[in-house]
Amino acid sequence: MIEVKTIEFKNTKRTFLTNAWYVAAISTDVEGEKLFHRTILNKPVLIYRKINGTPIAMLDRCPHRFAPLHLGKRVGDDISCLYHALQFDCEGQCTHNPHGNGLIPKAAKVPTFSLMEKYGFIWIWIGDEAADPSKLPDYSMLTNGHSNSVGHTYMHVKSNYQVIIDNVMDLSHVDHVHGEIISTRGQLTPQIPKVEESSTHVKASWKWKQTPPIMIFSNFLPKPAEEAKHFVQVTWEAPSHIELIIGATQEEFDGELNFHNTTSQYDLHTTTPETEDTSHYFFATRRNHLEEDADFNQFKIKAMHDAFEMEDIPIIENIHTNMGTTDFFSLDPVLMSNDIAPVKFRKSLSKLVEKEINQS
Amino acid sequence: MIEVKTIEFKNTKRTFLTNAWYVAAISTDVEGEKLFHRTILNKPVLIYRKINGTPIAMLDRCPHRFAPLHLGKRVGDDISCLYHALQFDCEGQCTHNPHGNGLIPKAAKVPTFSLMEKYGFIWIWIGDEAADPSKLPDYSMLTNGHSNSVGHTYMHVKSNYQVIIDNVMDLSHVDHVHGEIISTRGQLTPQIPKVEESSTHVKASWKWKQTPPIMIFSNFLPKPAEEAKHFVQVTWEAPSHIELIIGATQEEFDGELNFHNTTSQYDLHTTTPETEDTSHYFFATRRNHLEEDADFNQFKIKAMHDAFEMEDIPIIENIHTNMGTTDFFSLDPVLMSNDIAPVKFRKSLSKLVEKEINQS
Amino acid sequence: MIEVKTIEFKNTKRTFLTNAWYVAAISTDVEGEKLFHRTILNKPVLIYRKINGTPIAMLDRCPHRFAPLHLGKRVGDDISCLYHALQFDCEGQCTHNPHGNGLIPKAAKVPTFSLMEKYGFIWIWIGDEAADPSKLPDYSMLTNGHSNSVGHTYMHVKSNYQVIIDNVMDLSHVDHVHGEIISTRGQLTPQIPKVEESSTHVKASWKWKQTPPIMIFSNFLPKPAEEAKHFVQVTWEAPSHIELIIGATQEEFDGELNFHNTTSQYDLHTTTPETEDTSHYFFATRRNHLEEDADFNQFKIKAMHDAFEMEDIPIIENIHTNMGTTDFFSLDPVLMSNDIAPVKFRKSLSKLVEKEINQS
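Residue numbers (the working numbering), protein chains in the order written: chain U, 4 to 363; chain X, 4 to 363; chain V, 4 to 363.
You may find that some hints are simply not true.
Because identical chains cannot be distinguished in the list, a pair is counted as satisfied if it fits within a single copy or across any two copies.
[Unchecked claim] Listed next, the in silico SDA-like pairs over lysine to any residue satisfying Cα-Cα at most 20 Å (straight line):
| no. | residue 1 | residue 2 |
| --- | --- | --- |
| 1 | Lys37 | Val78 |
| 2 | Lys121 | Gly105 |
| 3 | Lys112 | His292 |
| 4 | Lys350 | Asp296 |
| 5 | Lys112 | Leu139 |
| 6 | Lys109 | Ser340 |
| 7 | Lys305 | Val356 |
| 8 | Lys303 | Asp80 |
| 9 | Lys112 | Phe332 |
| 10 | Lys109 | Ile195 |
| 11 | Lys53 | Ala297 |
| 12 | Lys109 | Leu334 |
| 13 | Lys46 | Asn22 |
| 14 | Lys76 | Pro317 |
| 15 | Lys16 | Gly327 |
| 16 | Lys112 | Phe256 |
| 17 | Lys303 | Leu334 |
| 18 | Lys46 | Glu320 |
Hints are computed from structural coordinates only; laboratory data are not their basis.
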């Protein structure tokens, strides 16, 4: 009688893989004694570090009366629930029951999640299958350089995670959405990218010349006002990671342009579903110029963070709302040559998710 | 696991006609280069003016990746989508594709909506049937006088639109809800209005004498403290428009009282569903006294706007919440002589909506 | 098209009895001419006092056009609806209709609810069965003492009401959740309480010795720093009331400890469902020391209110959210000796609710 709710059901289908590595947090966000918590794939997750620094993740829910464990306190490497002081070790096993005869109930276990800490991120495996470390993608390029050449940041996005991936897999939006600083002077938009794919990867690459060079690189090139060759390539790896490499050069040589033979940067865009309608967006970037400059490093990551927040994310969130569904293809989108890569990743991902759902 | 939702379904039935003219905006709200947008009958709509002033409406959603078009920019009379610079003309046809070979995909069309601009409002036709200009009601009385004799205003209401119509079709609430300024000194409430109806119209009218005359008119009558004859009539026209004429006179004559032979005003109340639970409420008023006084005109429309916001709308919104459904009759309302007109409009409207739903 | 809603249904089953007495308000919250309103068991309820002080409750919804009656005004002991001035007496019978012929429509009745005013609270019976005064629990102990020995307070809680009852029925949380002031120095937690039950009652009691005595009593004992015998007992009575008596003594005698032969307090915790996911939490406490001290009385009730707000309620609300359902047992909780009383009340209550649902 109190609140009117007229609801239209648009979509209730799960759109994400569970048996896969996702970024749970930036390494530096889980520090010291902190009981960090975040919802990941619809599950509340507690993340903290053992005294030796190893990160631990478990369901953020006591199996007794379901209090969030992040409200509790640390006892060495164990977590003591705030509510009744049941204590759990890093394997989620109850190690102390101060009640009654003190026996540990057999069922007093908290589900734990496998973690890996790599490339400045803590990665998590939520699904029921055994976590497979060999499936963690190799983004070691991120952290192979000077520590002042790499930055990490986090954004919360009110959108299904696939709309974030769409945005990075089709860079033809760059000249329309973003400002002068990464303008290609209209050179990128008309190009049909070269696209390669496998069942778990989609790679799109663009090459062009522009005068002056793209502003993020021009001052690091010999002739800042003159023409340069440019390239950018994005590689999606299932379920939700994209390596992006962009560079420019004024030198002449025959081989392919890459991170090492150009003035360039190497980025990782990776998104982790919070719910079907909200996402964690993690980003890291490494550059091969001014590598030791800590101030420039801070300036760079902040500038990129702000561009995402002010330019990309408002569009992504508006699209999610305007779609009213997480089922992109059900809306009969008009597809063009710039959509080849996003469409391929959506179709590959959809097959993987369907397979996982059918197997469970 | 995160959020508890226990939902009671009350009503999910559509309560509005789609093949009809509704007010989309006050003419002056869509000015210059502005890309105005508003949700109408659950659809996001972009409204803007061509350079020659003609208003245009289309779905506020790019058919490519579903970005809201109102975030884009104008290119002459065309709209360029912010996201990938697809450009659409006033017929919703894509006129420019900066991607790949530049060919315009056949499907690259945005649905448009017919508009008419009349009586200081922009009217829209959302339904799938061809818009029929002859079906636009005639409220030319509104704008036949001096431009300083008419004012327009807009209110957003968190209620199904029919509760707004109920409120105007039964004026017996006037002495209870409103203040001194439009008090009938209790004369109107006891009256059983004269009601006439057709399948698309319901008209209710009241006549009475009061001393002193209603305050909105008393100072414009020869003897402000003495008895005057009054009349008020409301005419609903499907789906959601109400003409209201109210006047007072101290002269003696035999004919019917009307706008011309009394000190009076001519109002239009019209409401446009935003969703089933929220509405756009448009109002315009013309008076036949102090017609050239711009200051008084501003004062008058502001006073009426404030009365709606402070007195009518809180009740309307509370009723909508307290009903917990949009199906008024399912609650077995106690009906009285003052409900004849609202009940008649609800029944006529309900037949029209049911007919439309059955035909589609 | 506007708002994405992906909804998981967790539970839509009613969890509360309707044919029972619940606290509707603290007596002093319904004062003078005030038209108090509160949602109780999903129904909007108007509560006010007749001129002679008798409290009255009725559905807060005019049967004519469903305006909330608390927006109206008093006419003696009657309520006049703000919208059309229909007037209702304390039996909900329409007594005045200013419209048309002025006849009172037969159906013009507002459902009323039986009230009882006892123990500083106004109690309400919402269900369709006749209210049975003999079913009101006897908490006369609360108000048998000096008026300065008793205090009442109210908290709004975003949780199903059973989680509040869980919290009081298992006091083993005291040493973990609360501060020094009610610390048992770890004595209470290990105890397996003595539990007695009937179909409508569950009683759990604990006894222990501690040094120093519990701080709420220590200064009222002969030797504030020395060992004292303590007891606490909680008695749930269906559907949602808990009597809690706690005391300490340093005297030697053989009988049972109780309110009278110890330094002690007598509390009532009672909760009233607002909706399935939100609750009204009422609390009253009477002590048998410093009974005439008005300042101490105010200090005491405020301190207890603040402890609930800052310590218990955040846990209760987090648990409700973290459960994602109102069906506790569906989550396979790990149960221990301290859960005997909460489990017993949940099972008894569940039987009563099921029985009521099946009978209706």
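Each hint tested on the structure:
no.: 1; hint: Lys37 with Val78; result: within (12 Å within a copy, 53 Å between copies)
no.: 2; hint: Lys121 with Gly105; result: neither (40 Å within a copy, 43 Å between copies)
no.: 3; hint: Lys112 with His292; result: neither (49 Å within a copy, 45 Å between copies)
no.: 4; hint: Lys350 with Asp296; result: neither (42 Å within a copy, 66 Å between copies)
no.: 5; hint: Lys112 with Leu139; result: neither (27 Å within a copy, 42 Å between copies)
no.: 6; hint: Lys109 with Ser340; result: between (58 Å within a copy, 14 Å between copies)
no.: 7; hint: Lys305 with Val356; result: neither (34 Å within a copy, 54 Å between copies)
no.: 8; hint: Lys303 with Asp80; result: neither (36 Å within a copy, 39 Å between copies)
no.: 9; hint: Lys112 with Phe332; result: between (42 Å within a copy, 17 Å between copies)
no.: 10; hint: Lys109 with Ile195; result: between (60 Å within a copy, 19 Å between copies)
no.: 11; hint: Lys53 with Ala297; result: neither (29 Å within a copy, 51 Å between copies)
no.: 12; hint: Lys109 with Leu334; result: between (50 Å within a copy, 16 Å between copies)
no.: 13; hint: Lys46 with Asn22; result: within (14 Å within a copy, 38 Å between copies)
no.: 14; hint: Lys76 with Pro317; result: between (38 Å within a copy, 16 Å between copies)
no.: 15; hint: Lys16 with Gly327; result: both (13 Å within a copy, 19 Å between copies)
no.: 16; hint: Lys112 with Phe256; result: neither (61 Å within a copy, 45 Å between copies)
no.: 17; hint: Lys303 with Leu334; result: neither (38 Å within a copy, 47 Å between copies)
no.: 18; hint: Lys46 with Glu320; result: between (22 Å within a copy, 17 Å between copies)
This entry does not satisfy hints 2, 3, 4, 5, 7, 8, 11, 16 and 17, going by the numbered hints stated previously.
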